[in-house]
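Novice: Just so you know, the protein sequences line up as chains A and B, in that order.
Residue numbers for the first sequence follow the numbering used here, so the first one is 1 and each next one is one higher.
Residue numbers for the second sequence follow the numbering used here, so the first one is 187 and each next one is one higher.
Do not take every clue at face value.
Stated by the list, open to error - Here are the computed lysine-lysine pairs in the DSS-like style, where the Cα-Cα straight-line distance is at most 30 angstroms:
{"no.": "1", "chain 1": "A", "residue 1": "153", "chain 2": "B", "residue 2": "287"}
{"no.": "2", "chain 1": "A", "residue 1": "162", "chain 2": "A", "residue 2": "85"}
{"no.": "3", "chain 1": "A", "residue 1": "57", "chain 2": "B", "residue 2": "211"}
{"no.": "4", "chain 1": "B", "residue 1": "368", "chain 2": "B", "residue 2": "348"}
What the hints assert, rightly or not - Which chain B residues stay away from chain A? Per the calculated CB distances, all over 10 angstroms, these:
{"no.": "5", "residue": "240"}
{"no.": "6", "residue": "243"}
{"no.": "7", "residue": "245"}
{"no.": "8", "residue": "287"}
{"no.": "9", "residue": "302"}
Worth flagging that the hints you see were computed from the coordinates, not collected in a lab.
None of these values were measured; they are calculated from a predicted model.
Heads up, the beta-carbon is just placed ideally off N, CA and C, and yes, glycines get one too.
Number of protein chains: 2
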Amino acid sequence: MEKIGPVNALYPTPTTLVGALVNGKPNFITIAHIGIMTMNHISLGIHKSHYTNAGIKENQIFSVCLPSEDLMVETDYCGIMTGKKTDKAAIFDVFYGELEKAPMIRECPICMECRLERIVDFEAHDVLVGDVVQTHVNPAVLQDGKVDIASVKPLLFDMASKHYWALGESIGLAWREGKKLKKKLQ
Amino acid sequence: MEKIGPVNALYPTPTTLVGALVNGKPNFITIAHIGIMTMNHISLGIHKSHYTNAGIKENQIFSVCLPSEDLMVETDYCGIMTGKKTDKAAIFDVFYGELEKAPMIRECPICMECRLERIVDFEAHDVLVGDVVQTHVNPAVLQDGKVDIASVKPLLFDMASKHYWALGESIGLAWREGKKLKKKLQ
Chain A
1 MEKIGPVNAL YPTPTTLVGA LVNGKPNFIT IAHIGIMTMN HISLGIHKSH
51 YTNAGIKENQ IFSVCLPSED LMVETDYCGI MTGKKTDKAA IFDVFYGELE
101 KAPMIRECPI CMECRLERIV DFEAHDVLVG DVVQTHVNPA VLQDGKVDIA
151 SVKPLLFDMA SKHYWALGES IGLAWREGKK LKKKLQ
Chain B
187 MEKIGPVNAL YPTPTTLVGA LVNGKPNFIT IAHIGIMTMN HISLGIHKSH
237 YTNAGIKENQ IFSVCLPSED LMVETDYCGI MTGKKTDKAA IFDVFYGELE
287 KAPMIRECPI CMECRLERIV DFEAHDVLVG DVVQTHVNPA VLQDGKVDIA
337 SVKPLLFDMA SKHYWALGES IGLAWREGKK LKKKLQ
């Protein structure tokens with residue numbers, strides 16, 4: 001093994017479009033520094049300099065939308081441009097759900113409405129923790145009432161390459177594959 | 187859009203093998219509920235019932251190793267078995283780095299040594315936040331000194347399908363693809 005210094009190599013992660021009302025207007029920011037904390041709590045690591053944070057703190061509500069590969073250009077655009085100067089919501093068909101203040105993107109196959117549960121504070125980053133309240137899904141990516149991730153075609157992000165990556169094939173069943181080894185070792 | 191209730195659909199995530207000394211012995215647990223909080227802070231959402239948590243709290247040190255597809259069976263095994271009853275470290279070639287108390291797996295292409303920075307407390311889960319101190323990489327997955335994620339072949343996890351998934355192809359460059367749209371809209 002070679003030491004390469006303290007490099008965070010915990011990639012790829014799904015790239016998301018995070019929606020919030022900022023100064024009363026819908027805005028979206030591209031975030032791939034996401035996390036899963038419990039079955040229904042998710043997190044976003046956002047630098048404090050960003051325009052969106054104030055809107056999320058004010059309304060205590062936000063959305064997390066998952067773009068598919070087909071939305072790569074629009075998603076990257078929302079990561080390049082700032083809501084301070086650009087109306088990024090103008091490029092999407094925006095809709096609202098039960099929380100009313102969580103703008104979501106109809107072009108994304110999945111959108112989650114979240115209540116801000118807490119903020120984990122770091123020197124330069126707000127880690128915004130969301131409690132998922134409702135999930136809106138394009139019926140085209142549902143199979144037997146569940147999200148079919150192959151149909152979602154999530155846009156994965158890797159920091160080392162600075163590339164977006166596609167999802168590959170299903171290769172095995174969790175809580176099942178390991179049973180072969182369990183039997184063998186018994 | 188169809189409402190499917192409060193479903194966390196923030197997948198896929200890279201499956202990890204988290205290493206810690208528990209009662210002085212190396213142990214590994216499979217965790218896919220990971221997160222990125224800042225450039226060098228990563229998180230693990232672990233149910234409080236697990237054996238590993240006490241070891242991490244005691245030593246304030248742990249490792250996060252990324253298995254490749256080839257380690258799917260061993261990785262799943264570490265998710266099925268509990269360290270209370272099974273010596274899971276026995277199936278791996280275990281090594282230690284500079285923190286001395288973070289057991290790592292030589293078969294994994296990437297292992298990160300972490301100091302426990304804080305614990306974010308939930309009702310049934312500990313969210314363990316790690317500050318990445320050193321990253322050990324198999325030279326076979328390095329390209330120009332950086333991690334080549336295609337060579338890593340990370341084992342991705344999706345909760346809806348309960349399947350492991352492979353990484354697909356690189357499809358575009360971040361902070362670049364969106365410039366096309368920026369030009370078009372100007």
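Novice: Each of the hints needs a verdict: does it hold here or not?
Specialist: Against the structure, the hints come out as follows:
no., hint, result
1, A:153 / B:287, "violated, 39 angstroms"
2, A:162 / A:85, "holds, 25 angstroms"
3, A:57 / B:211, "violated, 44 angstroms"
4, B:368 / B:348, "violated, 39 angstroms"
5, 240, "holds, 19 angstroms"
6, 243, "holds, 17 angstroms"
7, 245, "holds, 18 angstroms"
8, 287, "holds, 17 angstroms"
9, 302, "holds, 14 angstroms"
The structure fails hints 1, 3, 4 (numbered hints given earlier, in ascending order).
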